[in-house]
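Asker: Let the sequences and hints guide you as you build the complete structure.
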Amino acid sequence: MKRIKFPKRYLIVFLTFISTCVCYIERVGFSIAYTVAADAAGVNQSSKGTILSTFYYGYACSQVPGGWAAQKIGGRRILLLSFVLWSLTCAFVPLDPNRVVTLVVARLLVGVAQGFIFPSIHTVLAEWVPPHERSRSVSLTTSGMYLGAAAGMLLLPSLVKFRGPQSVFVAEAALGAMWSLLWIKYASDPPRPEHPKATAASFGESLLPMKRSQKVKVENGGSSVKTAGIPWKSIIFCLPVWAIVANNFTFHYALYVLMNWLPTYFEQGLQLSLHDMGSSKMLPYLNMFIFSNIGGVMADHLITRKILCLLFICGSWVLGPWQSRVRSEPHGYCSQICRNCYGSFQYCWYISRHNWGRSYRPAS
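Residues in the sequence shown are numbered from 3 upward in steps of one, following the numbering used here.
Treat the hints with care, as some may be off.
[To be verified] So the derived label-pair ranges between C-beta atoms look like this:
(1) I238 - H134: 26 to 34 Å
(2) G51 - S160: 21 to 29 Å
(3) L157 - I238: 42 to 50 Å
Hints were generated in silico from the structure; no laboratory data involved. All residues carry an ideal CB built from backbone N, CA and C; glycine is no exception.
Answerer: Structure below.
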């Protein structure tokens, strides 16, 4: 009986999916653990907001350097280094709300480390995944964010209640360490097109790093080397690029506000204990995970029929005003679930546009 072998790129996609899942367990976990510790220490909401937002200063500042480092050093190596850095930070930093400077520095470090992760993931996927599979692969990988957030909301409140807030840091560090070991064991750079395995795996010129130089024929029959750089001017003045930037900013602004303040909203706004809510507290993120993968399959078909953009605009018109007028607890929770589902469907469309990676070619 012939043994069935899965292509190596499937394993790479699965590992990147697990990596985003673990990252968002950490992000949700900190907001849950810190909210409990800060409330017990009597920290006011303004100070809580400062600590919760510190992560994103480091995260925002390291995105562009992360893309540069992934291109120069390799997405596989940068992804591993990022995981090691934030895992060590979680393992050795005490969760004490009164030690503000220590927490600020720690969250900045974690933010900087995790800022390198997604540029590295996009570089890895651009190297490994053929163009016709990228939309679904990126949707699956990024949907790990929502599954990780859902798992964190489901499991970590109980861990905080029975083992204390510091146990969340230890659990997150252990998850990061386990993923790092898996990545060291199974991840590798993709085969080059001239390699026999590359042909069998459908790798071609589109998966090579961007060429820095190329030979050009001259009149006397010889050849000269022409250097091709990144067309920054064309990128900066490209309207679709700015559409992606605007979409990325608005989506993640809403998502990160939700992630940081949802535990506080449940505890103080709805007067509900996260531990006592059971599995219902994970529904907003679980629905985002489901709809993100559905959207990844549907996006290509809808784009070709010019239906997708109109669908997004109509969704914003309906859900935005509805959510702003909600007052009751059940309707508020339901509106948030619907909004998250819509947002994840939109996210899967534009996130696949990030995957120029190393396969991007400037127009001649």
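Asker: What hints, given by number in increasing order, does this structure fail?
Answerer: none
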